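Asks: Residue numbers (our numbering), protein chains in the order written: chain A, 1 to 111; chain B, 1 to 109.
Do not rely on the hints blindly, as some may be mistaken.
Straight-line alpha carbon distances no greater than 20 Å define the calculated DMTMM-like cross-link-like pairs of lysine to aspartate or glutamate that follow [unchecked claim]: (1) Lys78(A) - Glu44(A); (2) Lys78(A) - Glu99(A); (3) Lys69(B) - Glu56(B); (4) Lys63(B) - Glu17(B); (5) Lys42(B) - Glu44(A); (6) Lys96(B) - Glu52(A); (7) Lys57(A) - Asp94(B); (8) Lys96(B) - Glu44(A); (9) Lys42(B) - Glu99(A).
By construction, these hints were calculated from the structure, which means they are not laboratory data.
All of these numbers come straight from a predicted model, not from anything done at the bench.
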Amino acid sequence: GAGVSQSPRYKVAKRGQDVALRCDPISGHVSLFWYQQALGQGPEFLTYFQNEAQLDKSGLPSDRFFAERPEGSVSTLKIQRTQQEDSAVYLCASNSLNEQFFGPGTRLTVL
Amino acid sequence: EDQVTQSPEALRLQEGESSSLNCSYTVSGLRGLFWYRQDPGKGPEFLFTLYSAGEEKEKERLKATLTKKESFLHITAPKPEDSATYLCAVRDNDYKLSFGAGTTVTVRA
Numbered sequence: 001g002a003g004v005s006q007s008p009r010y011k012v013a014k015r016g017q018d019v020a021l022r023c024d025p026i027s028g029h030v031s032l033f034w035y036q037q038a039l040g041q042g043p044e045f046l047t048y049f050q051n052e053a054q055l056d057k058s059g060l061p062s063d064r065f066f067a068e069r070p071e072g073s074v075s076t077l078k079i080q081r082t083q084q085e086d087s088a089v090y091l092c093a094s095n096s097l098n099e100q101f102f103g104p105g106t107r108l109t110v111l
Numbered sequence: 001e002d003q004v005t006q007s008p009e010a011l012r013l014q015e016g017e018s019s020s021l022n023c024s025y026t027v028s029g030l031r032g033l034f035w036y037r038q039d040p041g042k043g044p045e046f047l048f049t050l051y052s053a054g055e056e057k058e059k060e061r062l063k064a065t066l067t068k069k070e071s072f073l074h075i076t077a078p079k080p081e082d083s084a085t086y087l088c089a090v091r092d093n094d095y096k097l098s099f100g101a102g103t104t105v106t107v108r109a
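Model the full structure from these sequences, guided by the hints.
Replies: Following this line, the structure appears as structure tokens:
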């Protein structure tokens with residue numbers, strides 16, 4: 001497809017489980033972003049990659065959150081030992097010039 | 001730290017009833033103000049980017065304007081398909097967007 005894709009679309013985890021969320025950006029897009037969107041709120045910046053380099057991870061809420069993009073295309077956001085406060089929609093976006101294209105998001109529910 | 005405040009939180013309109021959404025911002029050096037539309041269960045969809053005070057952009061029934069402190073999104077003669085949450089975001093560097101909480105617009109036929 002031509003857009004940003006994310007998988008899974010929905011994830012239910014028990015508290016304490018580790019989860020991995022995948023993002024496939026638009027082909028050729030150098031920049032990739034992860035955002036967290038709580039219910040009724042706007043997206044909050046988590047981290048930014050340029051190719052395989054993670055240039056900004058200032059938005060990651062704790063050291064339980066880890067993101068990687070080893071080959072400069074697909075990215076994975078990993079959350080270790082999930083907590084209930086991690087429940088949110090996780091959005092991935094890739095950048096072309098001045099426009100960020102967003103994927104549909106992964107809705108994570110931690111029970 | 002960048003701050004973006006959108007008002008109202010929710011807006012209910014009759015079809016054809018024009019209105020405006022407000023986005024007030026505080027940023028150290030604006031390098032773009034962005035408007036997105038978000039439908040339930042979907043990611044934000046890009047609408048406009050504005051860069052300088054006085055700039056205006058239009059797309060179908062939507063028109064975005066920018067001043068030094070705020071931006072407005074005007075919806076002219078809305079239709080039910082314009083129902084969505086409209087998000088405003090600012091950028092103060094080369095990449096990071098700071099979003100407001102959004103305005104949820106409902107247009108009744």
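Asks: None of the hints should be skipped; say for each whether it holds.
Replies: Hints, verified against the model:
no. : hint                : result
1   : Lys78(A) - Glu44(A) : holds (17 Å)
2   : Lys78(A) - Glu99(A) : violated (26 Å)
3   : Lys69(B) - Glu56(B) : holds (15 Å)
4   : Lys63(B) - Glu17(B) : holds (15 Å)
5   : Lys42(B) - Glu44(A) : holds (16 Å)
6   : Lys96(B) - Glu52(A) : holds (17 Å)
7   : Lys57(A) - Asp94(B) : holds (15 Å)
8   : Lys96(B) - Glu44(A) : holds (10 Å)
9   : Lys42(B) - Glu99(A) : holds (17 Å)
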